[in-house]
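Student: This is what each chain is made of:
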Amino acid sequence: ETGVTQTPRHLVMGMTNKKSLKCEQHLGHNAMYWYKQSAKKPLELMFVYNFKEQTENNSVPSRFSPECPNSSHLFLHLHTLQPEDSALYLCASGTRTGVTGELFFGEGSRLTVL
Amino acid sequence: GENVEQHPSTLSVQEGDSAVIKCTYSDSASNYFPWYKQELGKGPQLIIDIRSNVGEKKDQRIAVTLNKTAKHFSLHITETQPEDSAVYFCAASEGGGADGLTFGKGTHLIIQP
Chain A
1 ETGVTQTPRH LVMGMTNKKS LKCEQHLGHN AMYWYKQSAK KPLELMFVYN
51 FKEQTENNSV PSRFSPECPN SSHLFLHLHT LQPEDSALYL CASGTRTGVT
101 GELFFGEGSR LTVL
Chain B
1001 GENVEQHPST LSVQEGDSAV IKCTYSDSAS NYFPWYKQEL GKGPQLIIDI
1051 RSNVGEKKDQ RIAVTLNKTA KHFSLHITET QPEDSAVYFC AASEGGGADG
1101 LTFGKGTHLI IQP
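Listed in order, the protein sequences are those of chains A and B.
Positions 1 to 114 (my numbering) are the ones given, in order, by the first sequence.
Positions 1001 to 1113 (my numbering) are the ones given, in order, by the second sequence.
Everything labelled a hint here was simulated from the structure, so no lab data went into it.
Keep in mind that the hints are not guaranteed to be accurate.
Unchecked claim - With a straight-line cut-off of 35 Å between C-alpha atoms, the simulated DSBU-like cross-links for lysine-lysine are: (1) Lys1071/B / Lys1022/B; (2) Lys1057/B / Lys19/A; (3) Lys1058/B / Lys1068/B; (4) Lys41/A / Lys1105/B; (5) Lys36/A / Lys1042/B; (6) Lys19/A / Lys1068/B; (7) Lys1068/B / Lys22/A; (8) Lys1058/B / Lys1037/B; (9) Lys1057/B / Lys18/A; (10) Lys19/A / Lys1105/B; (11) Lys1037/B / Lys1068/B; (12) Lys18/A / Lys1071/B; (13) Lys52/A / Lys40/A; (14) Lys18/A / Lys1058/B; (15) Lys18/A / Lys1068/B; (16) Lys22/A / Lys40/A; (17) Lys18/A / Lys1022/B; (18) Lys1042/B / Lys40/A; (19) Lys18/A / Lys52/A; (20) Lys1105/B / Lys1071/B; (21) Lys40/A / Lys1071/B; (22) Lys19/A / Lys1037/B; (23) Lys1105/B / Lys22/A; (24) Lys22/A / Lys1042/B; (25) Lys18/A / Lys40/A; (26) Lys40/A / Lys1057/B; (27) Lys52/A / Lys1105/B; (28) Lys1068/B / Lys40/A; (29) Lys19/A / Lys1071/B; (30) Lys1037/B / Lys36/A.
Said to hold, decoys possible - Just the calculated beta-carbon pair ranges, DEER-fashion: (31) Asn58/A / Glu1039/B: 42 to 50 Å; (32) Asp1017/B / His79/A: 21 to 29 Å; (33) Glu1005/B / Ser59/A: 33 to 41 Å; (34) Ser59/A / Ser1028/B: 23 to 31 Å; (35) Val1054/B / Ala39/A: 28 to 36 Å; (36) Lys40/A / Glu1083/B: 34 to 42 Å; (37) Pro83/A / Ser1018/B: 14 to 22 Å; (38) Ser1018/B / Ser38/A: 27 to 35 Å; (39) Thr1078/B / Lys40/A: 41 to 49 Å.
Predicted model only: the values in this text are computed from it and were never measured.
Beta carbons are placed, not taken as given, at the ideal position from N, Cα and C, and that holds for glycine.
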């Protein structure tokens, strides 16, 4: 148990659907992250939020829309996705400055786009 | 930007033997090098990290070494056990905090009984 909870764990959607992924952390961290994990590829950073403000958008297509209503919650809204978007989406939290650079990951949401 | 190469992609060792995973990085400004372990169905979890002012760090059966001149760092696991089977990721970043991590592609470590 890392203190970062992601829902749903599995999601299957068609290309015309709209769905959302949810992430919640109660570790008191000031930063939250969305990563994409595909087979045989490094973890890809998608978005960074610091104290609810988006500080990084790593050239992610607009069909992915993040939302951070407060420091403990992070959403990833999905619409008109492509089959190549099928992957494991990992949420993480951490502190942007300080001694430790540790990221605390959730267990991920496995997304399949048909 | 930073580029991290990790080898091998798959490593199979006999239980009780040692395992070594190697990473190289490209940005000489990187000064923080963590290793994450990802078990099946779970997210990655930090197991050990090292900063560039240290050449080696050890925690029980795991150790990390860093060669700044050659820009490579390695994870060493001794006396491997079945629970060590997982995917291991190295990463590099400049500065403190959780931002700016560039990850390697991962090594699938298989411990043979």
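Student: Hint by hint, which ones does the structure fall short of?
Tutor: 2, 6, 7, 9, 12, 14, 15, 17, 29, 31, 32, 33, 36, 37 and 39
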